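Visitor: Following the hints, put chain V in place on chain B, whose structure we already have.
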Amino acid sequence: MKTDDLISALATELDPVPPRAVANRLALGLGLGAVISVAVMVLWLGVRPDLMPAMHTGPFWMKFAYVLSIAAFGFGLVDRLARPDGEGGVFGPLILAPLGIMIVLAAWQLIGQPHDVRMQLMLGQSYQVCARNIMVLTIPIFAGLFWSLRAFAPTRLTFTGAVAGVLAGAAGTFIYAFHCTESAAPFVAIWYTLGIAACGLVGALFGRLLLRW
Amino acid sequence: MVRSLAGDGAAYAALLRRLGDHLRAYYLRRLGRAADAEDLLQETLIAMHARRSTYDPSRPFTAWMHAIARYKLIDFYRRTRRRAEEPLDDPDILFGSEDASAAEAQLDVERLLGRLPEKTRRLIRDVKIEGLSTAEAAARHGISESAVKVGVHRGLKSLGAKLEDERP
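Residue numbers (our numbering), protein chains in the order written: chain B, 1 to 213; chain V, 1001 to 1168.
Bound conformation, chain B alone (with noise of 0.2 Å):
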């Protein structure tokens, strides 16, 4: 085909792209993926049955602010990643601020406690399913955002796939969190970002092979 044929081709009934294309895509394939797993989560584990006294509470709300500041951090660089000429900025340090905010609350919590206490709070009573079940949660909302991302142009595939990863992972702990009854903050600065940590690597390693374009 000749290129000038090609050009023509490609000009001729040339769609509109409205602003904040990217923005809105990622967000589809987020909310998608998001509608699956919470489907997932009400079949599979239940929302916990004291959800509504729960919410009187600080810790549930400091879960929530956690997953849900690493998640929008993550959002904001998974859209400048997206472009091809995408560098991190701002969002690239803000995405660990989260979790340097966790790890004053746990170890402050930590701090004059007898062994016991201290096991307990790191530990509570779920600590050998939470990672599991934040990636079992996470894998409809991955899916979602990586069927977004590959209609865009990253070019450091590794790095947008990690944070992909990442941003998926918070999501799919938020979502978990519905569930979980946790309310100590060791718990969540190890199990939480645990899970989240795990699907940003699983995010590195299919980045390279599902982000090619």
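No wet-lab data here; the hints were simulated from the structure.
All of these numbers come straight from a predicted model, not from anything done at the bench.
Cβ atoms here follow ideal geometry from the backbone N, Cα and C, with glycine treated the same way.
Treat the hints loosely; a few may be bogus.
Computed Cβ-Cβ distance ranges for the label pairs, DEER-style [said to hold, decoys possible]: (1) Ser1158/V <-> Leu51/B: 56 to 64 Å; (2) Ser126/B <-> Pro1057/V: 43 to 51 Å; (3) Ala1006/V <-> Asp5/B: 35 to 43 Å; (4) Arg20/B <-> Thr1134/V: 52 to 60 Å; (5) Ala1034/V <-> Leu43/B: 55 to 63 Å; (6) Ile36/B <-> Lys1157/V: 54 to 62 Å; (7) Ser126/B <-> Ile1046/V: 43 to 51 Å; (8) Arg1111/V <-> Arg20/B: 15 to 23 Å; (9) Phe64/B <-> Ser1158/V: 26 to 34 Å; (10) Gly1160/V <-> Gly89/B: 19 to 27 Å.
Guide: Frame of chain B; chain V shown alone:
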């Protein structure tokens, strides 16, 4: 490109033709074989088309375009298992003066000019782009020669500041 995103097919075709000439030279110098360069050029144009939603109109178009062209070049090297003989990170090679034609740089210039006051913009266009002499421009705008010089100088300075601000 901004007009292309709004759906203006004619502007889009004109843009792609200009880019085509530029990218053909860009790939030809790196690959040596005309057939490879043409293939890669077409692949790049299709990629730009399919992924044009990733262009952010508030950022320089040339940087976006070069990032795609570079990605496709690296992808080509990877596929053909040929090692790049030149360090691809060296910006001088990617933005070499011989093929960074004024044509496509003009796209960014026009955009930046659009932010200057009307009077300054006309002065800069007449003197720096159309190449009028200071005296001719002074006559056209009905102002003194020194006013032309000052106007152009101030305009360029503020353009420089705007470019500096945009740098990511």
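Visitor: Does the beta carbon distance between Ser126/B and Ile1046/V stay inside 43 to 51 Å, or does it fall outside?
Guide: At roughly 50 Å between Cβ atoms, Ile1046/V and Ser126/B fall inside 43 to 51 Å, so the hint holds.
Visitor: If I claimed the Cβ atoms of Ile36/B and Lys1157/V lie 54 to 62 Å apart, would that claim hold in this structure?
Guide: Cβ of Ile36/B to Cβ of Lys1157/V: about 56 Å, so the range 54 to 62 Å holds.
Visitor: Is 52 to 60 Å a correct range for the gap between the Cβ atoms of Arg20/B and Thr1134/V?
Guide: Check failed, 45 Å falls outside 52 to 60 Å.
Visitor: Taking the Cβ atom of Ser1158/V and the Cβ atom of Leu51/B, is their distance within the range 56 to 64 Å?
Guide: Between Ser1158/V and Leu51/B, where Cβ atoms are some 57 Å apart, the hint holds.
Visitor: Can the suggested window of 26 to 34 Å be confirmed for the beta-carbon pair Phe64/B and Ser1158/V?
Guide: With a Cβ separation near 46 Å, Phe64/B and Ser1158/V fall outside 26 to 34 Å, so the hint is violated.
Visitor: Is 35 to 43 Å a correct range for the gap between the Cβ atoms of Ala1006/V and Asp5/B?
Guide: violated, 24 Å
Visitor: If I claimed the Cβ atoms of Ser126/B and Pro1057/V lie 43 to 51 Å apart, would that claim hold in this structure?
Guide: holds, 48 Å
Visitor: Assuming the hint says 19 to 27 Å, is it satisfied by the Cβ distance from Gly1160/V to Gly89/B or not?
Guide: Holds - the Cβ-Cβ distance for Gly1160/V and Gly89/B, about 22 Å, lies within 19 to 27 Å.
Visitor: Quick check: does the Cβ-Cβ distance between Arg1111/V and Arg20/B fall within 15 to 23 Å?
Guide: holds, 19 Å
Visitor: Starting from the range 55 to 63 Å, see whether the pair Ala1034/V and Leu43/B falls in it by beta-carbon distance.
Guide: Holds - the Cβ-Cβ distance for Ala1034/V and Leu43/B, about 60 Å, lies within 55 to 63 Å.
Hint compliance for this structure: hints 3, 4, 9 are broken, all remaining hints hold.
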